Each structure stands twice: as C-alpha cells, then as structure tokens.
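Colleague: Single-letter residue listing:
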Amino acid sequence: MKKIIYIAFGVCLFIVGCEDPLDKQPLDLISEKDVWSDEVLADSYIANLYDQARFFRGSNDDNIGMADVLNGGFARNYATWPTGYAHATSSITPDIGSAAVFHYWIYSDIRAMNEAIEKLSNESSELSKGYRDTRLGEVYFIRAWSYFVMVRLYGGVPLVDRVQDIDEAEEDLWIPRSSEEEVYDFVASDLDKAYNLLVGKNLNEYGRITEWAVLALKSRAMLYAASVGKFGMVQTIGSGDLQTTLGISDPDKYWKLSRDASKEIIDHGPFELYDNNADPAKNFVEIFDNEGHSEIILAEVFTGQGDRWNRWDQWMWPTQGRNGYSNFLKSFSHVLEKFEDKSGNFKLMNGSEFTLGDPSNRHSLDDFFYGDRDPRAQASFYLPEAMWNGDPIYVHQGTYDMDDTYKTGGGTLTHPVTGKTVPMKGLNRDINGSALNVRKKVRESHDLTVAPEGDSDYIVFRLAEIYLNYAEAELYVSSPNGDGLVYLNKVRQRVDMPDKPVLTQDIIRNERNVELMFEGHHFWDTRRWRTAEAELNGKNFQGLQFRYHLATDDYEIIKFNADNKARIFQPHYYYYPIRSTDINANPYLVQNPGYIE
Amino acid sequence: MNYIRLRQILFKMSKRSLHALIVNCLLMSTIYADGLKAQTSIQSVKKASINIEFEDFNLTQLIGEIEAITDYEFSYNREDLDRKFRFSGKFRGTTVADLLVETSKQTNLKFRQVNNIIHISKKSTLSKKEEALEVIIADVEISGKITDENGEGLPGASVVVKGTATGTTSDIEGSYKLNVPEEVILTVSFVGYKTQEVTLNGRNVLDVQMELDAEQLEEVVVVGYGEQKRVNVTGSLATVKSEELTKTPSTNNTAMLAGRMPGLIVHQTNGQPGNDEANIRIRGFGNALVIVDGVQRDFTQLDPNEIESISILKDAAAAIYGSRAGNGVILVTTKRGIKGTPEININSSISNSRSTFFPDYVDGYQFATMYNRAQAQDGVTDLKYSQEDLLKLQEGTESGYINPNWQKKVMRDWAPQSQHNLNVRGGSDNSRYFFSVGYLDQGSIWKSGDGVYQRYNLASNIDTDISENLTAGLDFNFRREDRDNLFSQDEVFNDLLFADPTVDVDNFPYTDLILDMAPLRSGTDNAIGSSTQDISGYTRSKTDVLNVALSLKYKLPLKGLSIDGKMALRSLNMNLTKLGIPFEVHGYDYQSETLLPTSTIGSSSLTKSSTETQRITTQLALRYSREFRNHKISALLLNERINEEMKSFQTTSRNLLSSSIPYLDNADGTTATNTDDASQDGRVSWVGRANYSYKGKYLVEGTFRYDASPRFPQDTRWGFFPGISLAWRMSDEAFLQNSNVLSNLKLRASASKVGNDGTSSYNYLTGYGVVSGSNSTYVLNGNSYPRIQSTGLANKNITWEEVSVYNLGMESSFFNGIIGLEVDLFYRKRTGLLTTSNATLPNTFGATLPQQNINSQDNRGFELVLNHRNAIGGFRYNISGNVTLTRAKWIHFEEREFDEGDDQRINKQSGQWANRTFGYLTEGFFKSQDEIDAATIDYDQSGNVSLSPGDIKYVDTNMDGVITGDDRVELGKGTTPELMFGLNAEATFKGFDFSMLWQGASNYVTIFTGANLGGFQSGAGIPLTYQWEYQWNEENPNAAKLPAANFSGISNYNNRQSDISVQDATYLRLKNVSIGYVIPKSLLDKVGIKKVRVYASGMNVFTFSGLGIFKDYDPEISSSNAQSTYPIQKTYSLGINITL
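Protein chains in written order, with the working numbering: chain A, 1 to 597; chain B, 598 to 1737.
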C-alpha cells in the first residue's frame, strides 16, 4: 500500500509540476496601449504607413514598379511576362486579376491611417502634443496621397474617414462611391489639415513629410483634377442612392488650387534647381544620383542595406548585368524624337517606310545623338558609345568593315587610320529588341558585382515638377499670374536649352515628357490629358537598331516594329474597372462605364 | 525379493503411462499426424514417480536400485559416499526427488540432476541453507511440420513457446525445429488460420495441421489510448501491419499507405528526397491527427522497420481525441520487446529511381520553328530564325547548330538509393527490449549528385517489471535528417524551363559554363551551374528529432484495476545553412569562335537559421477491465496535458569575403536581415471510455473527451465531445452459428461529435505585430524603423468547428474466410467552419474580418473492401480490393447574394457540391482573320479587335452574343480525388512470394494554364513537345488542340479555364510489385541463420492516365506546374531480409 501511495504521489507531482498548458500568450503581439504611449513604437507604426503609401511602387517588385513606364507608351521591356505590356495590348475587363497597375483598392491601409489619426488626435494620450501634431500632419498627407492614387485610377471612390466598427448600423457601414470631385476635395482638405500641423516641422528630417511636401502633393493632385475637368467629360453613373458623378465640372477651381500651392513652394520654399555641374547632361544625372540636395521636396529613402533597397539599378544596368538583369526597358524612336535640338527642332527619323541601306539613315554620333540634342537625352538613354565607368557602351548589332562587309562576330575591328577600335557588335542585351535603353536614375557608381541592392533614393517630388505644374496651371487658369513661361524656361535653362518664347499646351506637355521621363508621370499624364487613346490605340511603336560603319564612323539607324501587337486603348479606359471580386462583394459599388460585368 | 517387487511395480507404472500416452495421442489425433512414434524424454526427478521398498541398503545399493528401475544414472566420487551408512525406507507413489531429499537429510550428500544424470557431491559445510536437490534439464530439440487444411506444408507459420518469445517460423516445406524445455505448450499461428496451442507431453516430434479461421479472434488492434481485440471493436478502423510496410523499401511512410487501406485518400505531389511526403486525407477530410505510441508526433520519417502497425480511426473511434479528431486519427505503434531469445533482423536494400513523368522540352529546330510561328502570329515579318538557321538546326551537324539537351546535361537517368536496418527484439523474465538502428541514403536526379537526403534512425523501447505489479517503460527514439540540397532547386527547374534549346551546350568549347541566352525572359542562367553545389552554393539542413517517453503502469490490488502514467517529450532542432556563391557564365560566338565576356549569376550570401520546438505530453490514466460470466466491462479515465513551445531565428548577410568560409563574421554585417520568432501552445483534456459486451455478441462503447485549448478565449475554450458505437456479432447468434456459408458477420453503428481546432492561434486577441519580409523597414531621418501594424480584428467568440460523424458498417466473411466483405457508409457534418463573413461588412471597411465559425459542410461516402483468400496445393494467394468514395457539399457557404440565373448557377456554393470546376466550352480555333472579322459573337468584349487566328473560339452557351463569365459550365470536379481504389494481390508458392498493389484515383481534374497551353505566352518557358505536336499553326488549322502561341501575351483570353485546360486526371498505377524468395532452411542451418529472404521490387512502375494530350504530366501531382516540381519517382530495388 505504501508503494501505491508513493507512486500515485510521484505521478501526480510530476503532472502538477508542469506549467499550466492553458496559460499561454502570443509572444509576438504588442498591445495597442504600448504603441500609442511610446514614441518609438508609434514611429514604427507611422513608418509602416509611409511604406504603405508605396511612393516608389513595388520597390522590390520590378514588374509592378515599372508598369507605368511600360504601359505609358515610352518604353516596354522585351520579356513577355510583365503584365503592363500584356495589358496594353488586350482588353481591360473587370476580371483582370491582380494586375497591380490597375488595382489599388487599399482600404486596409486607409483604415490603418484612420486609426493613427484617431489615436494621435486623442487629447488624453500619453504622447506629447507636439509629437502627436507632427505625426498627425504626416498621416493626413499619407491619407491624401492614398485617396489621390485611387481617384486617378477609378474616379470617385467611397470616402472612409474614420475607423469603422463592426457593430455600426448598416447605413453607416456601407459607403457608396463619392463623386470624383468630392474625392479631390477630400484630398485637398486633408492636405490643408496636414499643412497647418506641419508648418515649421520636420524640416531637417530627410525622408519625412514637411509642409512643402504637402504643398507639392496639392500642386500635383489639383493639377490632375483640373485637367480631368478640362479634357474629360462629366458623366453620371449609378442610380438612386448610389448615383454619383465622374468628372470635374469646375476645372478652374483646381487650376487655382494647384497653381497657388506651386507658387507657395516657388516663392517661399527653400528649394532650388540642382545645378552643380557645368556639364548639363552630367548635372541632370546627378539630380538622381546625389541625395538630399536642394531640388528634392520629398524622397523615399533607400539605403541598400538590411532590408531597405530597390532594384532599379539591377534591372537597368547597361551591360553584363548581374544575374543577367540589364537593359530591361527598351524605348522607341518617337520617344527619342521628343528631345529637340538647340534650335528647337525635333530631329525626326525617316518615316515608317524604312529601307535598309538608305543613306539618309546614316548619322554620326554628334549629328544625331549628342551634338546639339537636348542633353537630357544622354541622361535618359544609353545612347551609342555613352561612357559608363570609363568604357564606352556599344549597342550596335553589327559593323560594316572597311570593305563594307557586314560583320556580327565576337571580335573587334580597328580603323586603319584613326585607330578607333570597336567590337563587331555591342554587348547590349537583346540587341534586336530595341537598342534604345532606359538609363535614367541608374547609379553608375553602384558596384553590382558586390551587391544587387539599389540604394538610390526615389524622388517623390522635385522642384522641376512644381515649376512645370505651375506653368501648366498658369496656361489654363482664368486669372493667370503670367509668369508660367519663366518657370518652364528655368527648367530648360538648367540643361542649356534655349528659352521658349511662348507658353503653349504642346510646349508644356513636351517639356514635361522630356524633363520627367521615366519618373512615373507619363502614364498618368496621358490619362488626365485624355491623350492616351490618340497616343496608344492601334499603335505599334517603332524600336531602334544600329549598324556601325567603321570607314565613316557613323551609324545606320534602323527603325523597326518593336511592338508585336497593336496597343489597345478604348475611351472608357480613362477610368479603370473596379475588379469583379471587389464589386461583387459590395452591392454599394457602381462599376465604371464601359465595362461588362 | 525387494528387487522383484520393485520391478513389478515399475512395470505397472510404465504400462499405465504408455496407456495414457496412447489415449492422449488418440484424443489429439487432429494434431498428431504421426503421433505414435517412439518417444524418449527426460523427466525431472521431481516429477518421476517411483515405488520402492528397501531395507538396510548402503548407498551403493540404493543407487544401483534406482538406476535399475528408472532411466536415471548417477555419477559420484566413491570417496564422497559414507560406506558405513545404512538406510531403510518405503516409498510408494512418491517422486524420485522425495527419495533423494530424504537421503540427503540423513547423509552429508546433495544431488544435482542434469538431464538423466544425477550428480552426487558433498554438502558444503559453510552453508546450511543449501538446497539438497537441484534439477537442471537441458532443452530438448523438437521438430515437426506445420500443414494447412489440405495437408500441404505451410511456410512461415509461427511456432512459439507459450508465454515466451522463444519460437521460430516454419520453412518452405512447413518444417520447423525448436529447442524447448521439457514440458511446454507451443502456440502455432499463421495469418488467416486459427491459432493452436499444443502440449508436448514428452514428445519431440510434433506435427500440427492448421484450420482456416474466418474471424481472427485473437488479433489485437490499437485504439485510442489503448488496445482491443479486433472482434470487440465497435468502430470503423483500418490497420496495416509492419510486414506490409517493409516488404518493399520506401523512403516515406505516407506514400506507402496509398491503396492499402479503405478510407484513405493519399495524394503525393512531390518526389524530392526528404520532401516526398504524401498528403493523407482520411475519407477526403483535412489533415488527420497523427498519434505515435499514444502521443502526438509525426510518423513520415520513422524507419518503417520500427513500426509495428498503423491504424486509422474514421468514425466515433476517433472521438476520444475530441477537438482534434474531426478529420480522423492515424495511430502508429512502434515495436516493443517480447520475452524470449533475441531475434536479430537485418533488412537491406539498394534501389535506383527515375522520374515517373517529366515533360520534354522541344529541340532546337522545333523551338526555332515555333518561335518564328509565334512571331508571325504577331505580324512580325523579320523572323528571328532564317530558313538557313532552321535547316542547320534540323540537320544538327554544324558546330553551333547541334541540338543540345539541357535536361540530359542536368538530370541523370537513375538516382541511387539505399536503406539498411538492424534491429534486435527479445526479453528476459522481467525485462523486454527492442533496439533498432536504420539508415537511409537517397540520391537526387541531379547529374551533379547533389541534393542528397540521409536519415539515421535510432530506437530503443525497453519495458521492465520492477515488481510483480509495477512495470516501467522507457522509449527512446532519435532521428537525424540531413538534407544536402541545392542552393535553389526551384532555380534549376526555372533555368531548365528557359534554357535555349538552340544553344550548343554539348559542344561548348570551353570548360566554363555557357550562358543559356534565355531567349524568352530577362535573365541569364545556367542550369548546370544552379544544379551543382560547388558552383552555385547549397542549402544544408540538419534536423534532430528526439522522442523520449517514460511510462509507469501499476496494477492496483482491486482485480482488473490499474493506473498508468506517461510523460513524453518531443524535441525538434533544425539548423540550416544556405550559402549562395556567385558564378560566371560565358556567351560564345560560333561564327567567329570567340568567347564573349562573362556574366555573373547569383550573389554571395549566407543564411543561417535555427528552429527549436518542444512538446511535452503527460498522461495519467485509470483503467478497469473485468469479466463476469457473460458480461465484460472495461473503462478508462485519463487526463492529458500538452505544453508546446517553438523558437526560431534566421539571419542573412551578403558579400562574403570568401565562399569557402561560410561563417557570418566573414560577411558584410551591414547587409544583415534578421527574423526571430517564438510561439507557444497547450492543451488540457479529460478523456473517458467505457465498453460493455454481453456474451461477446452485443458490444457497446461510449467515449467522451472534455478538451480545453488556449487558442480560444476562456469562455469558449472548453468543449465536450461524446461518441457512442454499437456492434452486433450476428454470426454468433444460434440461427447463424452453424451456417456453412457465413463464417462471420458483424454489424456496426456509431455516432459522435468531435471538433477541429485548426485555426491560427489567438484569433481572439488583437494588437500590433512587427512586419517581416522584404522592405520590412522604413528609413526616416537616417533611422531605420521596423514597421509595425495591426494584427487585425479579433473574434472574441471563436471556437472549434463542430463535426458530427455517423457511420454504419458491416464486416463479414464467407466459406471459412475464403471471401471477406467489409462495407462502411458514412456521413459527416461540419458546422462552425472558420471563414470571414463577407455578407455583413463592406470591402471598404478596411480590415479583414476575423475568422468566425460560420460555414458548414457535409461529407458522405462509402468504403468497401472485398477479400479473397485461398490455397490450391502449395499455392496460396490473397486478393484484396478496396474502394473509397467521398464527396463534400456546402450546407452554408458565406457568400454574397447572387443574381438569378448564371451568376447563381456558377458562383453560388451553398447547397452545392464543394468540388466543382467551371469553365468555358470551346469549339476549335479561329482559322483566319476573315473568320474573326465575320464573327457575329463578341468574343473579347472589345469587338474582337484583340483576336488573332489560332485563338480559341469559346461557345456562347447563353447565346447573348457576347462571351462573358456567364457562359461557363461545370467542366469537372475538384483537384482532389473523390474516388480512390486499390487492389492488393499476394501469392506464395514454395519459397517464392509475390505481391503487387495497384492503386488509382478518379473524379478529379488537373487544370492546365499559362505555359502549359500556350508556350511563349506570359510566363511561359521553352515549349513542350506536346505543344509542338498540337499547337495551332497555319499548317494544321484543323488538327490543333491548343491555341496558337504569340509573344504579346493574349494570355488573358486564351488562358481562361476551358474544356481544353480542364482535364480528367483519373489514373491507375502499379504502385508496388515485389517478388521474393526464401532460401531453404537446410542451407541456412549450417551457418546458423534462421531466415533469409531476397527480393526484387518496384514502386510506381506503370501509370495509366487520362490526361489526354497532357500525357507528360503525372496525374497524381494534379498540378500543371510539373516542370517546376521534383517529379514523383519510380523505384526499382533489390533487397535482403535476414533473421538471425
């Protein structure tokens, strides 16, 4: 009996001795209270909102990051998989899937922003008033940015300005689409709140939102609203309670708002155009290579370390790219043609009737690429024989030897007199796709053989854009200040291009294309100007190939059909469809016109 | 005078015993085919009776007299005998021992019997307690023959000394030899026959004829927290024994189960060494709970030689596992020691394996032709490959145009594999042991030889009787898994997918690696590099899994009552090192014969990670089992507590100084990214079970479990899960007992309520968590902030899904077990399935709703097993077929409101079968632009402007003039099989054994999309040979079965799910086949080996599939992603089983 007692005792002890299996906590959960009473944790929450704004969209996802470039018509890559070009040549339908460039339904981010706004507005918070107000200003900006990104894609969207509770009444929970105008007004109003909270704050905190960044967004967003009003039409969608309006009925109001925001930056902001290198082409490259300089109003910071980096360099590297990533974006002949010469002429190529061997297609480097062409061309493309880390980049697909025999082998050829030695063909990847490759924003000093991580900051707003926004608004606004041309010409003067005598729509648009090319503007510009249909629909863009002539040291420039398939842009694409999955789940959502459910 | 009397008595005595022997033999005539053979045997003096009367004998006289009337002989030193001693006595009906003991008392002598010789020696003067008499009887060798019902020798029958592990098995002729102590009972058994017990009765030749058994009364099966005789089982349960698992070598215990048991849906989707685990779904439900030796543990990587049996519990039998039992339970029991002389088993095999299926890529000429076609499709006139190129590629003789085969460069024909196990099993009177050591070495299909999986298994199960009532057990099970993988296996498949078949890799003139030029994607690669560790790096992991269990069992003084406790620890440690090495590849210009500059692939990086998990399970149980006349009762009450903890971290740094020093301090610390994770879990349960049977005919079992889990809030944390099952052994009723046809019939019925708590933990809490993954930090003012965000809304009422399971079953056998039939019908209803409610919150709300217990689904189906077993002459065979059908229907599926008509027909799930695949019907392809222009239907919703010849013509099923989602019809079932079948056939003849297992599945589909359909389309790599054959082009506008390829990615149009892309995946596979030979015992006796079996076997030998033009895909994988998945292997093995 004793034995039993011992054993029973032993066994019970050993079971009771173990910890309570039900007394468990998730080990990775931080409490709400901790976050909103500690500046470090609250900053981490706000850091997440900055990231969710996706200024440089998909910095780590190359396909998405370049979709606007691809589909904007200025460039495409030659691989088949990026969705941008695929969608440029097929019908856009509501069941488009996850093609991110057309899908930006970010209400979970909006909720996170609303939550921050509520917590930071809480007067009984343990956080200091000064801290709360500054961060509140930043969050208002990020919310404005997010609605702006949605409104330019869909037109009006449901406006959610608070953290909803599951138990709310149905009529409060379900929010139908607001009109496009209401959303732009909401953006403006958030920006005004942000401005008031941020005046004088964050000025030396690189990467953080300042009052000037707020004005810059206002300048851009209101410009979009105004152009939708001017070039688009007003249409009613939905019926009954769900009825709403697409389009802007009073563009002038927005021209003014944009112009005034721009003017405030121009007149009172601490910014000036970057102009530190006497060589205008090199100077233009430095805008993107140097960081923290006077032209930058807001930048998203990439350090190339730890977990904060982007892949632009890796994808755009000119030759011998690491892992074969290089020369990803191919541009077209008509894009190079947008860079005029110093006399203000567009150097056009021969028309579409292209014949191989036509002597009129022979051009020397100076004659066509360098010489007096806008220096920004050199900074935007890898033109033939561009110097890269001390060596010229060759992009020709073959060489006519001294005896005019065409050679495409792997060796080099040397001119007997000048001694100039060139490879028979360039090493540019996929040379037959189009030899005009995008160079803008690529950091030459980045040693790709060491690390693929790009550390260039992404410029969200820079002064040149504000100048051009200002010029554009000045052209259309009912009561112009009259100095729009001055600022357009300042942008030109920096690159040693002659002043334009008058401000016209064409001049502004071309300047904008050239100055801001490959910075994520063109895609949206063609949509707000309602020019996408004319620019894209039915088009097969022409690529460029080069053949070098050793005897005469010039290139035969070949224009060829680089788009396999004609692009499609139908008038209703100015408003992208709300995805079927989203619209089916929410009866309060009205689909944009033109899309079949 | 005395002499004479003594002899008379003795004669009478022997006559009597002879008589008894004869009678005995007659009575047992069924057993003794040859019972009257002359017998001699050794008897203990304690048992040998003697009648003797003598007066005044000296010792020598007495010895002489005993020698004369018995078979005993004496041995002694004359000096030891006291010459003066005189002795008288009268011994009647006593034993020889009595006489000797009496003699010892009166002298200074002691006696020691060794067999028939009695040794006499002097007593020691020191010890008073010394025994006067010692009996030592050496084992007798007995032999005999076991025969079947026809009198044919029965090989492989087991002959065991009752109550011990001493025993042997019969040889090919049915003969056996065994050394036994004098008087024992032998237990003779053979699967399918009634077990017999026979008494030696002094004989040393013993032949036994066996009788067929319809019921296998004695078979014991493992059930939840205990074991039961199969006859008494009331629930639905299926079992596989270790012999079946070790008959042919297998690298993974899960894949091995396919087709062997009714009710299992086994689905293997990957063949990578160390990662070739199959999904097991009991009755098609979700992941089952796996219990090994009573505690939750995995079993896939156990050495199959360690396993005694695997049982699956399908109905109320599983209910004892409560909140985790909703998907059924897999019970694995490992081998333990049994009393007896040690039996040593050695199993060894070597194998070679190759892929069952792997899609073939087109060659250079086909590629170039298809490339040109795709360009032409896009209207390109300047085609990439000239007519001259095509001709040269077709000829394939000129340098630079020789068609290479990247696949052959990277994959080898056969992957080697070997498996060895040594185990020892035995025990003494109070201690029993099982030791096992196993090793598996599995090579990969890569030509580099890299990607090897090695596994070491060690097991030791020891049971000791500490006292008569107290038994302790110590189970120790350790395994190490070494995975020596490529840096990225996915990358190899990807590189192969894009490797340019026009690049002359076979004749590359340099030793360096060639650039594959990747014509179809941005990126340069080389599959040879990425499949070789020396070039591109490696991913090496070492996993140590330790399972230790200590158990105590104590029989309480009250008869039938016992208490036992168990504490089990499971500890897993995984360490991983992943080293990335950058390498260079070259382009080469064949025209000028020059090497082009290099390109670097990969980057220098080092990842180290460690995962540590621990689970401690404690159980304390009270058991009662008692029989009163016709009533049998047993009961169990158990408390179980589980504590779990997991910790892991991972750190990655880049830019190592040298890849030959794979240490983090050699890398650039500023590039480091880290993750660190921990979690914990637990459970408390009360378990009860009661069984009652009346006359063994009427059986009832009730179980309950009261479970708590910290994953749920306190209010909903405890759940009660009862189960009841009934069985009626109808064949034991008088009116059926004497049936000549029916030998066994049992009816079963059960109902239970169980749960399924497969939710991510802590859904009832909310807060903030740190974001991980790429760009998980954000830099502001030079500071790098980790990002934190809300974990989402909490559901304060979350709890388990409730599952009701009903089962009706019938077990029967006919004609003495020649035919057996088992049928089960089941119905399962699950309520409270977790889903996010979408009907109540708008998608502008911004938070994913917490999961709620909303959905409900039911499953129904049947299982059927049909057996046939017979013996014709020496040829015995056994055929067993099983079929399982299971289908699920949504009772409630949380979904939006649907419009009447097509929307509802296609999208509504509530009230519909859960596995339906919808898609478009097609009617060929557009043959020309004219046909597109003339089309009256709007195919692309853009007036057909995006269409080209070779695009699919969809059927406008609703005739509204436009192709929309509404035109979709139901094309097939889901991607998981509904119907599973297996056919197992076994036969033995003389020393040969043969077995094969056919296994198949049906009622499911594989969906082919993207690259499988189009080639060149978005995301597609090098086309596959069937695409060359079937893809639309201008030369075969009518024969095509796949849309035309082009480069502009009309994938959204042609990629739609249609009757082209949805294919019935029914298959039938020869899963296992083996032929073995047992070497005749006569040859082995000389070397002292008990048994040797040699065999050859094959696994996944043939497959018949219904995939049509997609015949290059393994139907079992059920994924169109086969070019990127390590293929399932077919394996041929040679092996040997040795018993020492």
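Treat the hints with caution; some may be incorrect.
[What the hints assert, rightly or not] Where chain B lies over chain A, by a calculated footprint (3+ residues, C-beta under 8 Å):
id, stretch
1, 330–343
2, 378–387
[Claimed, not checked] Listed below are several chain B residues computed to face chain A (Cβ distance under 7 Å; list not exhaustive):
id, residue
3, Ser952
4, Lys1244
5, Thr1248
6, Thr1249
7, Thr1272
8, Ala1275
9, Phe1301
10, Gly1364
11, Asn1378
12, Phe1442
13, Ala1444
14, Asp1537
15, Gly1540
16, Tyr1729
17, Ile1733
Calculated from the structure, these hints are not laboratory results.
Given the structure is predicted, the values throughout are model-derived calculations rather than measurements.
The beta carbon of each residue, even a glycine, is placed where N, CA and C say it ideally should be.
Colleague: Let's test the interface hint: is any C-beta of chain A closer than 7 Å to that of Ser952/B?
Modeller: violated, 27 Å
Colleague: Let's test the interface hint: is any C-beta of chain A closer than 7 Å to that of Ile1733/B?
Modeller: violated, 45 Å
Colleague: With a cut-off of 7 Å on the beta carbons, see whether Ala1275/B makes it to chain A.
Modeller: holds, 4 Å
Colleague: Does Thr1249/B hold up as a contact with chain A if the rule is Cβ-Cβ below 7 Å?
Modeller: Not OK, violated: Thr1249/B not within 7 Å of chain A, min 10 Å.
Colleague: With a Cβ-Cβ cutoff of 8 Å, does the stretch 330–343 of chain A contain at least three residues near chain B?
Modeller: violated (count 0)
Colleague: Given a cut of 7 Å on the nearest C-beta pair, is the interface hint for Phe1442/B held or broken against chain A?
Modeller: holds, 5 Å
Colleague: Can we keep the Ala1444/B interface hint, with Cβ of chain A closer than 7 Å?
Modeller: holds, 6 Å
Colleague: Does the closest beta carbon of chain A sit nearer than 7 Å to the beta carbon of Asp1537/B?
Modeller: holds, 5 Å
Colleague: Do the numbers back the hint for Gly1540/B, that is, is its least Cβ distance to chain A under 7 Å?
Modeller: violated, 9 Å
Colleague: Under 7 Å, Cβ to Cβ, is where Lys1244/B needs to be relative to chain A, so tell me if that hint holds or is violated.
Modeller: violated, 9 Å
Colleague: Just to be careful: measuring from the Cβ of Asn1378/B to every Cβ in chain A, is the smallest value less than 7 Å?
Modeller: Hint holds; Asn1378/B Cβ to chain A Cβ min 4 Å, cut 7 Å.
Colleague: Does Thr1248/B hold up as a contact with chain A if the rule is Cβ-Cβ below 7 Å?
Modeller: With Cβ-Cβ at 11 Å, over 7 Å, it is violated.
Figure legend: structure checked against the earlier numbered hints; hints not met, in rising order: 1, 2, 3, 4, 5, 6, 7, 9, 15, 16 and 17.
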